[in-house]
Amino acid sequence: MSEFNVLKSRAAQEEYCKENGLPHFAPGSGRCWNCSKNIYEPNEKERTLFWEEGKPTEKYTTGITVEKAASELITGCPHCNRTYCD
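Per the numbering used here, the sequence shown starts with residue -4, numbered consecutively.
In case anyone wonders, no lab produced these hints; they're calculated from the structure. Glycine is no exception: its CB is placed at the ideal position from the N, C-alpha and C atoms. Treat the hints with care, since some could be wrong.
Listed below are the simulated SDA-like cross-link pairs for lysine to any residue, each with C-alpha atoms no more than 25 Å apart in a straight line [to be verified]: (1) K40 / S24; (2) K63 / C75; (3) K32 / P18; (4) K63 / F20; (5) K63 / E39; (6) K32 / F(-1); (7) K13 / Y55; (8) K54 / K13; (9) K3 / Y79; (10) K54 / T43; (11) K54 / C30; (12) K3 / T43; (13) K13 / L2; (14) K40 / Y55; (15) K40 / E10; (16) K3 / R77; (17) K13 / G23; (18) K32 / A65; (19) K3 / K40; (20) K54 / F(-1); (21) K54 / N38; (22) K32 / N0; (23) K13 / V61; (24) K32 / F20; (25) K54 / L44; (26) K32 / E62; (27) K40 / N0; (28) K32 / K54; (29) K63 / G23; (30) K63 / N15; (31) K63 / E53; (32) K40 / V1; (33) K3 / H74; (34) K3 / L44; (35) K63 / N76; (36) K32 / L17; (37) K3 / G16.
Per label pair, the in silico range of CB-to-CB distance [unchecked claim]: (38) E39 / K13: 16 to 22 Å; (39) K40 / G16: 31 to 37 Å; (40) S24 / Y55: 21 to 27 Å.
Go ahead and model the full structure; you've got the sequences and the hints to work with.
Take a look at the structure:
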């Protein structure tokens, strides 16, 4: 199972960028300047699948795990989809 941990994720993203010579776009605190949610914390959401009549809503989680922060360049908020690159 994936781990959500703000401190570990922040450090993992910083290290990933440093090791790969990449710019560090993610906010230093982890808090998105657009929606004010922490990108490294899970956020439960749900959506209705309109194309399937009678289908119940689907639940899903947004947020950046320690594993993702250690292996991918973060360029935007997983909660509100705002980019940090422009």
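### Message
Output the indices of the hints that this structure fails to meet, ascending.
### Response
Failing hints, ascending: 7, 8, 12, 15, 34, 38.
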